[in-house]
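Chemist: Using the hints, position chain B against chain A.
Going down the list, the protein sequences come from chains A and B. So in the numbering used here, spot 28 of the first sequence is number 28, and the numbers just go up one at a time. So in the numbering used here, spot 42 of the second sequence is number 42, and the numbers just go up one at a time.
Honestly, the hints are just simulated from the structure, not real lab data. Just so it is clear, the structure is predicted and the values come from calculations on it, not from any experiment.
Identical chains share a label here; the pair holds if one copy fits it or two copies do between them.
Here are the computed lysine-lysine pairs in the DSSO-like style, where the Cα-Cα straight-line distance is at most 27 Å:
hint, residue 1, residue 2
1, K17, K182
2, K182, K169
3, K184, K17
4, K169, K184
Each chain, written out:
2 protein chains.
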Amino acid sequence: MTQRLDQQIAFLNEADKLKTVLRATTLCDGSRAENSGEHSWHLTLYALVLADQASEGVDINRVIKMLILHDLVEIDAGDNPIFDDIDLAAMHAAEQIAADRIFGLLPVDLRDDLRSIWEEFEAAQTPDAQFAKSLDRFQPPMQNLASGGGSWTDYNVSQEMIAARVGSKINIGAPNLWVYAKAKIATFFESHANK
Amino acid sequence: MTQRLDQQIAFLNEADKLKTVLRATTLCDGSRAENSGEHSWHLTLYALVLADQASEGVDINRVIKMLILHDLVEIDAGDNPIFDDIDLAAMHAAEQIAADRIFGLLPVDLRDDLRSIWEEFEAAQTPDAQFAKSLDRFQPPMQNLASGGGSWTDYNVSQEMIAARVGSKINIGAPNLWVYAKAKIATFFESHANK
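Just chain A, with the same shape it has in the complex:
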């Protein structure tokens, strides 16, 4: 028992580092950058609260598991801001190497279970993964609206860029949330332009 627990705790202690990975998005009050650990918690709460926005057949418990695990690879591979121009193939390669190392700390049965949940999220082909991905894209604009611009201002982003890089993804798993966000974003940019 002790050896198995030592492996489980080694993984959990390594996961602690996700609390030091900073994202482009700030807290709602704009006081500081959000880290990927607290972001992951916030998304699980989004899933609980917005479960009524998932398509029929989505298993919200599996969505929550994906969201708990979804950013762990950032411990090695870092966070890639959505409005940065990045090399997607290089990012995916780095994330696979990170997943090998980080999930590899676990006992083999758990390693395989949790890795497969993360891979399903990454592939974004199942309804559960698509809803999880939509929430991951929906939370940053809600934070930016609350903080008065946030990463949109930092990256000099237009409504068209938000629609292309964020809206298109929210739309796959949670179309109503994109309708909602799009209207709020339009109002925000109008009032911003008039200042």
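Modeler: For chain B alone, coordinates are given in the frame of chain A:
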């Protein structure tokens, strides 16, 4: 739909404040205090990884939901370090008032659903709640062992105090985890005493 979503987002934006509530425990590297948002995420990962330590009949998905919600009342009521001497009745009263306000931001159906999950956690009478509570008590000693003392040093805590205030609670829902932690803590205090 918009009015319901406005209420859901108002709650999620309010929940963002949990990321600014600081705990007595530090990150594993000792670099800073842990906040209650990232702590809540870490506990959901503990539940995923340590599900094999739950008694038969525990529903790990319900445990995870409790852990997502368990600290939200701290936004108003603050975190109470386990080694502080606090007025428990006053704390529970403050947390009830906080729960009224925070869950009260939600549409009524969600308010009642999520509040009842939180109340079950607080009451600690069901196997799901007891396992969730045990994880909440098990994570801080794991962080303290990793950081080289953490809140034990800050609060000048003895092994006996840890057993009384932490071990007794871990033991209810996850007795094997207390056997494991107790041995690690004894080794830590021995090596610390010899320095």
